[in-house]
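Spelled out from the first residue to the last, the chains are:
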Amino acid sequence: MSAIHAETAPVLVQDGPSHWLVYTTGLVLALVLTGTSFWVANSSILWAPGIAIGLAVLAIAQMGIHLVFFLHMTSSPDNTNHALALAFGVLVVFMVVAGSLWIMRDLNEGMKMPAGQSMGSSMEMPMNMPMQH
Amino acid sequence: MNQATAIELRSLGHEAPVAEAAGHAVSKEIVVGYGFWIFLLSDIVMFAALFAAYAVLAHSTAGGFSGRDLFSQKSVAIETACLLFSSYTCGLMSLGVEARRQGAFYFGALVTFVLGAAFLGLELREFSDMIARGATPQSSAFLSSFFALVGCHGVHVAVGLVWLAVMVVQVAVKDFRASVVRRLQCFSLFWHALDIIWVALFSVVYLMGVAP
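Listed in order, the protein sequences are those of chains A and B. Everything in the first sequence is counted per this note's numbering, starting at 1 for the first residue and increasing by one. Everything in the second sequence is counted per this note's numbering, starting at 1001 for the first residue and increasing by one.
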């Protein structure tokens, strides 16, 4: 019966108010970061090439806030398995996104047309030369 | 007791011997929560593939609409607020479940559902406006990847709304029995994860799309 009893027993009732505070803190922090993101995207006083990086940093910070305050990720021993799985997930996400961008950028560079040439790729230069005369 | 133990061991699958040896050291609540966590991470990996496709194709507009022509920041801001607040009320709802208070649960579920439905309604209106202007998924690689990514998130939200409605009915019929509470925990994990994906989505798609 012990397993059943453990399942049905109310958990963490005495921590009610502090849990409420955790969610509210998370909400306020998330709202601040979201507001900052929208401001960064629309303001013209920031250095334009840095805006994308700033937005990425704000987004990652907000995901961290959500993980800690809404999904209750902690560094406690109970959470080791969750944290390891999350770390692996983040690694796969990073490899898929960054790897795709890297490979596709490289391919696009390789396919780039030389200036002034409207057809064909740079690799076929000798074949295109007669057409220009 | 024998029946309950048998049910628990069967549903634990291959981990059953471990649980038996340790004398139920691993509660079902933890196993279910961890399994659902793994599912969420695999879902996020799938979204990563869609994000990668979008990031690669974002400028392949085929001479048609670009993100700057199409995205309305006001509507995105309202959608973001809806989803963020629904994540918050979902948290309050799970506090009501932990305290076994039906009133708090029903109220939290209602507000979460309304905010989620508002998000979905705004997104569908945005999609139909875009399609009415001729920006259909078929018209460019950018729009194909946009509709795939944002649409996939929208489908997840729709599934979450159906799930939430089912959970309300289950609580009404079965009360807070252990299996229902576990499903509610999984639901709140799912709903918070959707909000995390939306954070990446509005940053990458909408804000980077309109930023100078």
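Keep in mind that a hint or two might mislead.
As the list claims (entries may be wrong) - Beyond 12 Å from chain A on every Cβ pair, some chain B residues (computed):
1) 1103
2) 1106
3) 1120
4) 1162
Claimed, not checked - Label-pair restraints from in silico Cβ distances:
5) 111/A - 1163/B: 43 to 53 Å
6) 1060/B - 48/A: 40 to 50 Å
7) 60/A - 1077/B: 17 to 27 Å
No lab work stands behind these hints, which were simulated from the structure alone. Every residue, glycine too, gets a C-beta built ideally from N, C-alpha and C.
Checked hints:
With 12 Å as the threshold on Cβ separation, the claim that residue 1103/B sits away from chain A holds: the shortest Cβ distance comes to roughly 14 Å. Residue placement check: residue 1106/B keeps its beta carbon more than 12 Å from all beta carbons of chain A (closest about 17 Å). Listed as outside the interface, residue 1120/B is consistent with that label: its C-beta sits roughly 19 Å from the nearest C-beta of chain A, beyond the 12 Å cut-off. Every beta carbon of chain A lies more than 12 Å from that of residue 1162/B, the smallest distance being close to 21 Å; the non-interface claim holds.
The beta-carbon spacing between residue 111/A and residue 1163/B, approximately 45 Å, falls within the hinted interval of 43 to 53 Å. Between residue 1060/B and residue 48/A the CB atoms are about 22 Å apart, so this pair departs from the stated range of 40 to 50 Å. Between residue 60/A and residue 1077/B the CB atoms are about 20 Å apart, so this pair conforms to the stated range of 17 to 27 Å.
When held up to the earlier numbered hints, the structure conflicts with hint 6 and nothing else.
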